[in-house]
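Mind docking chain W on chain Z? Use the hints.
There are 2 protein chains.
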Amino acid sequence: MRPGKHVFTFGGGSAEGNKSMKALLGGKGANLAEMSAIGLPIPPGFTISTEVCAYYNEHNNAWPQGLEEQLQESVHFLENLMGLKFGDSDDPLLVSVRSGAAVSMPGMMDTVLNLGINDQSVIGIARKTHNERFAYDCYRRFIDMFGDVVMGIEHEQFERVLESLKKEVGVVNDTELGVDELKDLVDRYKAVYRKNTGYVFPQDPNEQLHFAINAVFNSWSSKRARTYRKINRITGLLGTAVNVEVMVYGNMGEDCATGVCFTRNPADGTDELYGEFLINAQGEDVVAGIRTPRNINELNDVMPESYAELLHWTNLLETHYKDMQDIEFTIQQGKLYILQTRNGKRTGQAAVKIAVDMVREGLITRREAVMNLVESRHLDQLLHPQLRSEEIREDEILGHGLPASPGAAVGRVVFNSDHAEEEHAKGEKVILVRIETSPEDVGGMSAAEGILTSRGGMTSHAAVVARGWGKPCVAGCDDIIINYEDQHFTNGDQTVKAGDWISIDGAKGIVILGKKEVEEPEMDDNYREFMMWVDEFRDMDVRTNADNPKDAALALKFGAQGIGLTRTEHMFFGEERILAMRKMIVAENESDRRNALKALLPFQKQDFRGIFKVMAGLPVTIRLLDPPLHEFVPSEKEEIEELAIELKIPFNKLNRKIRMLKEFNPMMGHRGCRLGITYPEITEMQARAILEAAVELKQEGVEVYPEIMIPLVGTSEEFIHQHEVIDHIAAEVFNKKGVFVDYKVGTMIEIPRAAIVADKIAEEAEFFSFGTNDLTQLTYGYSRDDAGKFLEVYMKEGILHEDPFQTLDQEGVGSLVSMATKRGRAVRKNLKVGICGEHGGDPDSVRFCYNLGLNYVSCSPYRVPVARLAAAQAALSVNRKVAEEEAELV
Amino acid sequence: MRPGKHVFTFGGGSAEGNKSMKALLGGKGANLAEMSAIGLPIPPGFTISTEVCAYYNEHNNAWPQGLEEQLQESVHFLENLMGLKFGDSDDPLLVSVRSGAAVSMPGMMDTVLNLGINDQSVIGIARKTHNERFAYDCYRRFIDMFGDVVMGIEHEQFERVLESLKKEVGVVNDTELGVDELKDLVDRYKAVYRKNTGYVFPQDPNEQLHFAINAVFNSWSSKRARTYRKINRITGLLGTAVNVEVMVYGNMGEDCATGVCFTRNPADGTDELYGEFLINAQGEDVVAGIRTPRNINELNDVMPESYAELLHWTNLLETHYKDMQDIEFTIQQGKLYILQTRNGKRTGQAAVKIAVDMVREGLITRREAVMNLVESRHLDQLLHPQLRSEEIREDEILGHGLPASPGAAVGRVVFNSDHAEEEHAKGEKVILVRIETSPEDVGGMSAAEGILTSRGGMTSHAAVVARGWGKPCVAGCDDIIINYEDQHFTNGDQTVKAGDWISIDGAKGIVILGKKEVEEPEMDDNYREFMMWVDEFRDMDVRTNADNPKDAALALKFGAQGIGLTRTEHMFFGEERILAMRKMIVAENESDRRNALKALLPFQKQDFRGIFKVMAGLPVTIRLLDPPLHEFVPSEKEEIEELAIELKIPFNKLNRKIRMLKEFNPMMGHRGCRLGITYPEITEMQARAILEAAVELKQEGVEVYPEIMIPLVGTSEEFIHQHEVIDHIAAEVFNKKGVFVDYKVGTMIEIPRAAIVADKIAEEAEFFSFGTNDLTQLTYGYSRDDAGKFLEVYMKEGILHEDPFQTLDQEGVGSLVSMATKRGRAVRKNLKVGICGEHGGDPDSVRFCYNLGLNYVSCSPYRVPVARLAAAQAALSVNRKVAEEEAELV
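As given, the protein sequences belong to chains Z and W, one line each in that order. This note's numbering applies: residue 1 is where the first sequence begins, and numbers increase by one. This note's numbering applies: residue 1 is where the second sequence begins, and numbers increase by one.
In isolation and in its complexed conformation, chain Z is listed as follows (with noise of 0.2 Å):
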């Protein structure tokens, strides 16, 4: 290693780093560094390198030539900057002491704090805080952290010698001990210290400086870490820094205060100073609702100076991130110590009055704004009505689900779809609960106000049908137990019935007992101007996925550009259609079928036909019939003996029938174009359907862009066979009318074959649209609706970072998905190609698509905004990226 520095001093509104310097400080250490450079007034302190580190663990855990001289050199700098002493009995210097790697990672040491108390400077601390509870109370916390964080002491052991010493003085809280007692418990710390580390406590407060910064640099190479960083590929880091920082004190007097503000009002975007402040007190006070903090306005009339410090520290901070910040300060005797500075969070409604704002300010670009201040979420909460949390207890709450689908919903509860319909066709809201949803379930689903399931995750059924209909969910909340039988559900303690009030938060996965108030979103000026700039800048299409005229017309609102699935299946669960659809099922032979599907025809060119008119002059995508057989059929005893009466079908012969439709895997089973495939006629009355509605709406003056769409395709073969056919019926329904219309024949990409031979397939389609959801399935081999089991597990043990389900797996199913899009154009060049399965909504995947140059992405019409903004903030980082590369080759 290169000889020379090892130490790093900041503070006193210099800095020997700055925050290019991330590989030798570490991501906290060039922060702090940067900070300090700008003039910030933060706790000085100081960076020991990474280079050490990796000295350190390459030599046997010895310190480079020249560490320890320039260690003792910035303690003094700290000294002198404070005129304070390291372990000093009048002006004790204490120290913070952090592990901070380029990168941060699970499995380094913790914090320690207020290291540099000893017997002698805790005399020191209760002399400058007038408060001797306060300092052994510090001291006996720093030897338990000290023991624990730096020797691996068990915390458990200092917590058995406290709870035997409170039994002895007879008090229940921590709280009630006295001073003679904290003294006591301090020299018991020291014993139990002493027994497991052979040695006493040291009181020299260098050689407590030592162990922690040895410790640091361990913990870089303990199993843990090490783990972590094999697994996340973490390489080419030396080690990690370690942070040296002078702890300041907002309980050292009535000249002393700490606090937390914004820069702007977190709650509605309003420009003004928010947050509050303790006088005489430490930061945690503030949180713990102890003693009642101060607005933060007030601090003019007790600290006007300090007050006029920090309005100009907020500013420049505000302008130096550009955007509004979140920061921690303490007042120590008078003096202004900003601790902590970062983006703060924010509802929706004020990231975007807050991004508009700033644009007219002059503070920021639009192209800014919309790049760095508006995040997803944030449109998500605004398009979607909210609970007033402040109206939340704690002990209201039955249970924590998976936020399945944002928005708040309040309705009494019914157990089944058809009760839900009926309480619905009175006038009641209700909330669905069910131990999981089925098709069989949309009407009821329908019918209420949300969904609440017990079982089932993020994309099972429940979860993609409401977020399709933007209708709240909660998904998967195994705190409860629902019992269909006695017709309610409990959560241990309590039991609800069906017909009490609750109400439910789809965006936070929670379940409140009792009827709730819930805001309606608004979208304001604010909002319409925002998304104007995000189209500005946006030059990838976002389509919708949408079933019906009524989630077209709402997708349109919201900006879709285009239908990119419309899913026909859907359309056969209509009370007439249902009949004739199992009709179509349960026929024994061709003629049977084609007589049942004539019946279907005319519903099905009506649902076309209202689609089509709501998106006059756009494209609308139809994929055709998709799903096994059996989700169309009743699959209990009693339904199935209702359908062979009103079938006119033998129950044996009709359950035989039934029953052989059942399969070991559907999801991998007959359904998808190998439907169309085995019975063509399927596909011809669908194809149709949709080109005769397309022909008489162009007659009608409605300009139409049918794209029909073939599912499950995994063979070249099986896509010329479905084109055929429609192709068949397509000329045969323009000769009839003597009008053609212009129509496209594309595939789902959505089996791992059919990405291979994307090639061979696109030279046929005209286009493509990614069903991730089925490719994410098939890739990964996860049964989406069985995968909970162990997805939890997964996420937990970092062996997944995220559910592969909500954000594209760009290293494995995004390979396909790049593969394909790549062979397809190499036949087709100008083959359009989307993608419509759940991730079209998610920004990350949104981005990986508008990297690959993908035509579009399409989601549910709510997330219609939050795929704008997504698209928009993708074309920005490229062009940033190209823009820093062209200032590059300069």
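Honestly, the hints are just simulated from the structure, not real lab data. Warning: the hint list may mix true and false statements.
[Said to hold, decoys possible] From chain W, some residues computed to sit far from chain Z (all C-beta separations above 12 Å):
1) 284
2) 479
3) 532
4) 561
5) 662
6) 670
7) 718
8) 798
9) 814
10) 875
[As the list claims (entries may be wrong)] With a straight-line Cα cutoff of 25 Å, these simulated DSS-like cross-link-like pairs (lysine-lysine) come out:
11) W:223 - Z:789
12) W:426 - Z:744
13) W:662 - Z:760
14) W:223 - Z:736
This structure is a prediction, so every number in the text was calculated from the model and none was measured. By construction, the Cβ of each residue, glycine as well, lies at the ideal position given by its N, Cα and C atoms.
Only chain W this time, still in chain Z's reference frame:
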């Protein structure tokens, strides 16, 4: 198109074309030219080139200049050569017309025979054959065939006329019609022809010929032919050629004969002329069975010259084609014509004997013997018992199913597994008949002589297990309907009850009523010698899939070089084990689970000791637990009740637990390494059992090479996790025992994603083994248990050309296999790569694996010889290809 030569004649011991002119003359034309060129006495003829077809189709059905003249010349060539005249009433020339492109394909025109018959020449035929009835029967058949094939008149129309005539005359069979009636029929057929075409039936043979030639050209652009070429991507062909060949007759008198012969005995391989003939007969008479044909040797008695000539040609053909030939011949008025020769079909025993004999005779090299003379199905047949086929009457066949596992079995029908085991224990031979089988049936399957199922495909549970055990199985026999309650099955007419005798032939997929005789296989000296040659040329290893010492020993006998796949789950089904397994599954917590696993450990260890011992000195790949846990627990209420008592768990609790294990798509559910990651203690137990067994055997002096295989890996993180668990246990075991065993840890590649990220996985894994069963399921999205519903239609429609579960899909799945191999070896040069799916025993797939450079294939014991042969053939083709390429370079 180039002017000049359009027609190429052959016959009279020479030819204008040769076998290299396939593109111009089509496959058939080039072959006829070749046969003629080597002097074979084939009926003369001529071929109109494919260029003419292209001209015809590009020029609005016009003929190129010069064609007419060349056609006339060629007809004269035939007339002169044969001394016959087109349309002559004394010596009429008749010809056949056939299509023939460079690649054979359906959709092209059928053959037209006897062209040249008209009202005049029919008299000539009657005179020559002394059989007026035959002549007119030919004539009326020709009108039908010409009308149907050339003019597109429905055959049905001729059929109706025939039927009404028969009614008028009062006869039932065509053969009962006399000469006069046939003459009448000719007139009536002419009327049908005129009614449909508007023209009288052409009397001019030249006109007939023109029509037929144009019909062949038109058939090239028929919809069916075009679709076939499109789906099969047949491009670059000019068109089809037209082959016109003189008709010869074996029924013109006592100096005529017709026959079929093999150059060696196709049943046992003896070197003798083998066949049959009939004097004064047509070819169809030999097979029709109306007259009894005579042994070919008797031809020497009646026509010694022809017999000598035949012997001369059969010897020449065998030498020329270097294979046993199946020859059709006709003797017309003393002149021998060879009509057709092709490599003869033969039994396995004959194939091996002929190959070995031919090498001894110096006719072929060992290389040629291995490469060309024995096919995999020959070895398959050789290694399994057979039914004596001459014994089976058509009316004894109860049904046809899939040839799921070769070999013959005879036994009494039983319908459930317990019953099978009981009967077997009593010494009875039984056939287990099930609608389908599940892992719960393995006991019964093992006890049975063979297995018959009415549902499921070539890769259903029954089929896979049976093939693994080399036990005969007919699967998916939907000709029969099984009724468990009444303990019988029916095939429409017949009812077979439990206890009745049936016989099954698993190689042919047939089910026969009654107790048939079985021939045991014989691995004779010829077989041993042949397999030695096979191994001489082979340079890829062949391992076996074996789950127990018995199978391992069997596979060794068949030449396996190690185990490529030991499935550990089958080990849990034993009586003493399944209870511990179930305890493990229903355990409420880790500690209960660990206790149950502790009980399983000694069993597993014992299993592994047994296998390691048999395989001493060879590698043994053991796959950790793979199937979903619900496969190990009962699903019927009574069984669950029993289990509840056994486990001392309340029924409701157990039932809920078991219901929770149920999955929507178990193939993609909680299985494989997902189990090992959620319950690492399972992996720990298995690793411990493997490594303790290995250590103990090493101490006993046995060489052990364990390879631990992690199933269903889709991310490198999963592999790392399980690898660490195994290494941890290994260190513990080795430390405790003080013995170190060299073990490898690798993975199945069976998830598409694993193939994509194979480079990352190979950083950690020491070997890959392609689990192509699951990889095929996921790459296609086909559930192998459900795909039967559409695969049949797919094969019929030409959407799939082969069942991808039997022969590896090289384009899709194979592309992932290739990608994974390349990516894996890019980071780990010596990565050991094998395949252990069903495809490991399929010759085409073995060839593919060889070409990818895999280290080994692994297959069930009975497939090992087949795989050895396929591997040798693959090596020889590559060498041949290299040799050919080198030759080209010279």
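Each hint, compared with the structure:
The beta carbon of residue 284 (chain W) is kept farther than 12 Å from every beta carbon of chain Z, the shortest such distance being approximately 37 Å. Its beta-carbon lying about 16 Å from the closest one in chain Z, residue 479 (chain W) satisfies the requirement of being farther than 12 Å from that chain. The beta carbon of residue 532 (chain W) is kept farther than 12 Å from every beta carbon of chain Z, the shortest such distance being approximately 40 Å. Listed as outside the interface, residue 561 (chain W) is consistent with that label: its C-beta sits roughly 30 Å from the nearest C-beta of chain Z, beyond the 12 Å cut-off.
Not every CB of chain Z is more than 12 Å from the CB of residue 662 (chain W) (nearest about 9 Å), against its label as outside the interface. Not every CB of chain Z is more than 12 Å from the CB of residue 670 (chain W) (nearest about 4 Å), against its label as outside the interface. The Cβ of residue 718 (chain W) does not lie farther than 12 Å from every Cβ of chain Z; its closest approach is about 6 Å, which violates its non-interface assignment. For residue 798 (chain W), the condition that its CB be more than 12 Å from all CB atoms of chain Z is violated, with the nearest at approximately 7 Å.
The non-interface label for residue 814 (chain W) is inconsistent with chain Z: the shortest C-beta to C-beta separation is roughly 9 Å, within 12 Å. Every beta carbon of chain Z lies more than 12 Å from that of residue 875 (chain W), the smallest distance being close to 28 Å; the non-interface claim holds. For a cut-off of 25 Å, the pair hint linking residue 223 (chain W) to residue 789 (chain Z) is broken: about 52 Å separates their Cα positions. At roughly 68 Å between alpha-carbon atoms, residue 426 (chain W) and residue 744 (chain Z) are farther apart than 25 Å, so this suggested pair is violated.
Among the hinted pairs, residue 662 (chain W) with residue 760 (chain Z) is inconsistent with the structure: their alpha-carbon atoms are about 39 Å apart, more than 25 Å. A distance of roughly 23 Å separates the Cα atoms of residue 223 (chain W) and residue 736 (chain Z); the hinted pair therefore holds under the 25 Å criterion.
Of the numbered hints listed earlier, those contradicted by the structure are 5, 6, 7, 8, 9, 11, 12 and 13.
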